[in-house]
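Protein chains: 2
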Amino acid sequence: MKRNLYLKTTPVEEAREKYMEVLGDVLEPRAETVRVIDALGRVTAEAVFARYSSPLYNSAAMDGIAVISSRTAQASEARPLTLKAAEDYVIVDTGDPVRKPYDSVIMAEDIQETDGGVIIRSSVPAWQHVRPVGEDIVAGEMILTRCHVIRPIDIGVLLSGGVTEISVFAQPKVGIIPTGTEIVEPYEDPEEGDIIESNSRMFEAMIRENGGIPERYGIVPDDYEAIKAKILEALGDNDIVIVNAGSSAGTEDYTVHILRDIGEVFIHGVAMKPGKPVILGRACGKPVVGIPGYPVSAYLAVENFVYPLLRKLTGMKEPAGSSIKAVLSRRLVSSLKHREYVRVRVGKVGGRYVCAPLARGAGAAMSLVRADGFCIIPQENEGYEAGQTVDVTLFRSAEDIDSTIVCTGSHDLLLDVISDMMSGESEGIRLSSTHIGSLGGLMALQRGEAHITPTHLLNEETGVYNESYIKSLFPNQEMLLVKGVRRIQGLMVAPGNPLGIHGVEDLTRVRFVNRQRGAGTRVLLDYKLKLAGISPEDVVGYDAEASTHMAVAAQVASGDADCGMGVYSAAHAMGLDFIPVGDEEYDFAMRPETIRMPEMQCFLRLLESDGFKDKLNELGGYSFEGLGDIIKIGG
Amino acid sequence: MKRNLYLKTTPVEEAREKYMEVLGDVLEPRAETVRVIDALGRVTAEAVFARYSSPLYNSAAMDGIAVISSRTAQASEARPLTLKAAEDYVIVDTGDPVRKPYDSVIMAEDIQETDGGVIIRSSVPAWQHVRPVGEDIVAGEMILTRCHVIRPIDIGVLLSGGVTEISVFAQPKVGIIPTGTEIVEPYEDPEEGDIIESNSRMFEAMIRENGGIPERYGIVPDDYEAIKAKILEALGDNDIVIVNAGSSAGTEDYTVHILRDIGEVFIHGVAMKPGKPVILGRACGKPVVGIPGYPVSAYLAVENFVYPLLRKLTGMKEPAGSSIKAVLSRRLVSSLKHREYVRVRVGKVGGRYVCAPLARGAGAAMSLVRADGFCIIPQENEGYEAGQTVDVTLFRSAEDIDSTIVCTGSHDLLLDVISDMMSGESEGIRLSSTHIGSLGGLMALQRGEAHITPTHLLNEETGVYNESYIKSLFPNQEMLLVKGVRRIQGLMVAPGNPLGIHGVEDLTRVRFVNRQRGAGTRVLLDYKLKLAGISPEDVVGYDAEASTHMAVAAQVASGDADCGMGVYSAAHAMGLDFIPVGDEEYDFAMRPETIRMPEMQCFLRLLESDGFKDKLNELGGYSFEGLGDIIKIGG
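Residue numbers (the working numbering), protein chains in the order written: chain A, 8 to 642; chain B, 8 to 642.
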């Protein structure tokens with residue numbers, strides 16, 4: 008077991024500055040000439056000057072006739088004047104030249120045709136309705152400065168100014184080398200032990216979005232000589248080379264050794280989480296960056312260390328990230344050893360922005376897909392308390408955040424269905440769901456961190472769902488409960504039910520997987536166990552927690568557990584057998600003012616739509632009595 | 008002269024809504040399947056679900072050894088435990104599967120190698136450092152909703168979830184037909200009467216930026232049958248057809264007649280300025296839009312009437328435009344007949360945003376290039392007063408605006424030079440110049456609408472430049488004057504000086520072009536005329552005004568005037584002869600706090616740089632005594 012020793016990790020800015028400094032002249036941008044009509048999005052390498060004026064000549068600004076202004080002096084309402092065609096005037100359309108001796112234009116609406124001429128009823132000054140040469144652009148004038156990103160309007164003006172080719176910065180080529188004996192192409196069917204190679208494709212897209220041209224090489228197995236040969240090949244064809252992964256300190260992490268062999272390593276390890284195992288090196292006079300394998304680490308490493316290289320070569324500026332202040336919904340603890348990037352969901356609830364941290368693991372790529380932004384915990388900071396106001400760098404526009412319904416509570420597949428339907432509406436509204444169970448959701452609603460809470464909490468004494476919980480959590484307040492669906496809960500077991508599980512009484516002899524504390528499904532399980540006279544301690548796996556119906560189903564499907572409790576639709580989606588235990592009411596709690604939001608009106612409309620019911624019937628296990636009814640609670 | 012009669016113009020929203028309504032099902036988006044690796048920027052046509060879980064299996068989250076947790080129970084610091092290779096543990100790297108009976112991982116750092124095994128010093132619970140199957144993505148889970156624009160991270164997650172192809176909205180094809188007998192391709196050398204065809208290339212770029220595929224046809228002359236045939240051809244190959252121009256009511260504006268012939272016209276003329284002559288029609292079941300010829304009209308017509316069609320077909324949402332409140336620097340009068348789009352420059356001066364209207368003509372394409380945003384005057388509004396706060400829709404980010412130096416005053420080509428140099432700096436700062444003459448600039452500075460004012464105003468009595476003007480305009484205030492260049496002013500005449508002009512005394516016998524009132528150059532001319540005993544009334548063209556040195560030079564170059572006064576660099580740039588009249592001091596006035604702005608520090612650094620002087624020496628006519636000296640005035 009031979010492992011690398013990490014150099015001490017370097018703070019992010021220090022690492023970046025040091026790298027840019029040592030690379031120095033290596034990163035000088037190259038210029039190339041392109042046709043203006045192909046230049047959209049390219050960056051000017053030098054200022055661009057007009058070759059022609061626009062208009063090119065004195066031209067008519069209106070449809071009408073060009074006249075000699077001095078000859079119109081006598082015309083008035085009282086004494087109309089007749090102008091003779093070809094002698095006193097010529098007909099012009101907008102844009103036509105106004106040539107000497109003509110020096111003014113009368114609009115078509117202001118003349119009256121007559122035999123061999125026109126009648127006018129007022130005099131005109133010189134240069135009326137004439138656009139003088141160079142009114143818009145003067146030949147020799149600077150149209151664009153250097154480092155300007157070409158927009159559609161620039162293309163129009165450049166061509167009008169007689170410029171058909173311009174000098175722009177060449178697009179840097181970036182070689183991407185995916186490495187690893189265990190990784191397989193996405194098109195192959197993966198087996199246990201295989202990891203689908205996806206990072207390189209994400210890098211391709213990131214590089215394209217930032218003005219580079221990606222060149223992806225085939226997967227190279229973990230073999231020192233093979234990786235070295237591929238890096239050398241890539242260095243021959245590209246301006247920058249990225250090696251992914253093998254940047255850490257494991258037994259088969261060769262990149263750092265290869266770079267020391269063929270070039271130099273300036274940084275190995277940065278104080279950043281996720282993303283610590285970054286290698287910043289140089290070989291053959293070109294930058295080579297070693298990127299860690301976990302997707303979130305990979306994303307952050309490219310953003311922090313490859314984007315600056317690209318910007319240097321493309322002349323593009325760092326885009327202004329929009330940033331907002333948001334109230335943190337959960338405590339965030341971080342280490343002084345690194346700067347941490349925490350993905351968060353953001354919503355505007357009751358006039359203030361609130362943000363909820365998502366999964367923090369480096370492998371949690373979905374957290375990046377779901378995220379609305381990042382909250383950065385600086386290296387010199389141990390974290391933030393719940394309720395503290397923090398800075399969030401947004402991935403979306405604030406307008407986008409403002410038209411998002413924040414839904415926090417119990418999980419059901421119907422949330423995906425309605426979220427998808429909302430995305431299809433032209434209004435640009437979204438449903439952003441976080442699954443923390445019914446009780447956790449109601450508490451978030453209480454703290455003003457959610458608009459709505461899906462909940463299915465049974466009052467064991469009355470048999471009524473949800474209402475008593477809301478009443479006790481929101482004393483002396485009026486609240487609304489929008490009735491949702493009735494859904495079947497049951498036990499999910501392997502296909503064919505090999506262990507012969509028929510009810511909660513069988514849970515003492517199998518490996519169970521439970522839901523997290525506060526989940527309505529767990530409350531239902533506890534109730535059913537109590538009715539059956541079974542102690543939770545006798546259920547193996549009672550303490551093993553999963554946070555969604557699908558996660559429970561996945562554990563049963565993979566054989567890691569024999570049984571879990573959840574909704575029919577999840578069992579159905581994962582091809583499991585299902586033993587019904589009972590049905591329950593899955594509703595939506597909210598404050599009265601929420602129902603007036605236009606986004607909420609859309610939600611309610613979709614909830615009662617036939618399209619929604621059809622989709623749920625496809626999933627199976629739902630019924631719809633009272634769907635959309637609104638119940639007032641308390642107040 | 009046969010001209011079309013306009014239908015009455017329709018308000019913008021009404022026209023758009025009516026058009027979208029009558030088009031109805033014609034605009035249903037089509038779906039197509041693409042590879043995920045090619046899907047960057049495409050829009051999902053339906054929700055996407057994971058095929059595989061990620062991780063695919065229980066996997067090691069760290070490099071180390073996979074162990075059976077129950078066998079570690081006895082280990083402690085006091086009683087280290089030896090585990091036997093192959094029997095008690097296997098070596099794993101991050102991402103390797105953790106197979107039964109192993110159920111936990113111990114990090115490499117926490118073990119000590121020994122003969123045939125390792126020593127551990129603490130017990131481990133089950134599932135330590137193990138990522139359970141589906142931790143990130145569960146098979147069957149929804150990864151993306153419909154109408155989602157694919158980002159790099161989505162590509163990574165889709166591939167990880169086993170999705171290699173997705174259904175996206177097809178990119179609509181848009182046929183673009185440039186028409187006009189007078190228009191020529193940009194690659195040809197234009198003659199008088201020719202207009203360079205540039206709109207269609209701007210449309211191509213606008214359509215690409217909005218998810219469409221443009222198909223540009225060759226220029227069609229103004230011929231009814233030829234245009235009709237080309238429209239029919241384009242309708243066969245595209246989803247939308249744009250005809251430009253010929254949408255107005257001129258003698259050769261055929262589009263509206265052709266559309267009535269082969270289809271329907273719903274709208275001819277919208278209450279929008281610029282952009283009134285828009286035609287919204289349909290033929291062969293597809294939308295055909297007639298777009299006016301003036302570039303700004305064309306831009307606004309496409310934005311208002313073609314973008315909505317594209318969004319309907321691409322599934323893209325309207326991007327959130329950032330909007331700010333800004334104080335208007337000049338009165339804006341508009342008509343109740345239309346909604347007017349006024350291009351403005353925006354700057355942040357003294358903590359508040361101020362906006363200055365740019366040229367309002369439909370032909371002023373450069374005003375769109377120079378603009379930072381639009382101020383929209385609604386149809387039911389007659390305009391705004393100077394000093395009023397108005398809404399501005401920004402083209403740039405507010406951060407970009409915040410780091411811009413607003414420079415208002417006298418024009419000199421050196422402003423272009425320094426602006427270009429500033430754009431090349433990595434800080435992303437800009438210089439935004441408006442040319443309203445020295446005196447106008449100082450008054451803007453007084454009103455808090457500019458950071459700096461370039462000025463060259465001579466005190467005839469003292470012979471000192473600028474200081475006395477600043478003192479009297481800013482009484483009892485401390486102001487700064489940064490010394491700029493000495494530059495040569497003179498008379499610009501045609502090459503070879505055919506009229507034998509040698510000084511201001513010759514101006515009584517030639518056609519002169521003057522600068523606008525308040526321009527330092529005009530003040531200098533008046534002084535020189537006074538010295539020569541010549542009355543302005545005796546100068547033909549004294550009242551003909553141009554607003555920059557280059558505009559004066561262009562008029563002389565085109566033969567519209569015989570002579571004008573300006574700086575050597577402008578005469579040089581336009582290939583004119585130059586008769587020196589005297590040199591003058593061109594300086595920069597500002598408030599004391601301005602000099603502390605980091606952007607201003609950059610400006611001053613560049614002003615004193617050798618690169619700047621080299622460039623000015625190339626232009627010619629400048630000298631640099633005292634350049635960069637700072638003089639305190641008043642206070």
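Treat the hints as calculated values from the structure; they're not laboratory data. No experiment lies behind these values; they were computed from the predicted model shown. Among the clues, some could well be false.
The list treats identical chains as one, so a pair stands whether inside a single copy or across any two.
[As the list claims (entries may be wrong)] Pairs of lysine-lysine, DSS-like flavour, derived with a Cα cap of 25 Å:
| hint | residue 1 | residue 2 |
| --- | --- | --- |
| 1 | Lys-355 | Lys-324 |
| 2 | Lys-293 | Lys-25 |
| 3 | Lys-332 | Lys-355 |
| 4 | Lys-639 | Lys-535 |
| 5 | Lys-344 | Lys-535 |
Which of the stated hints cannot be reconciled with the structure, identified by number in ascending sequence?
4 and 5
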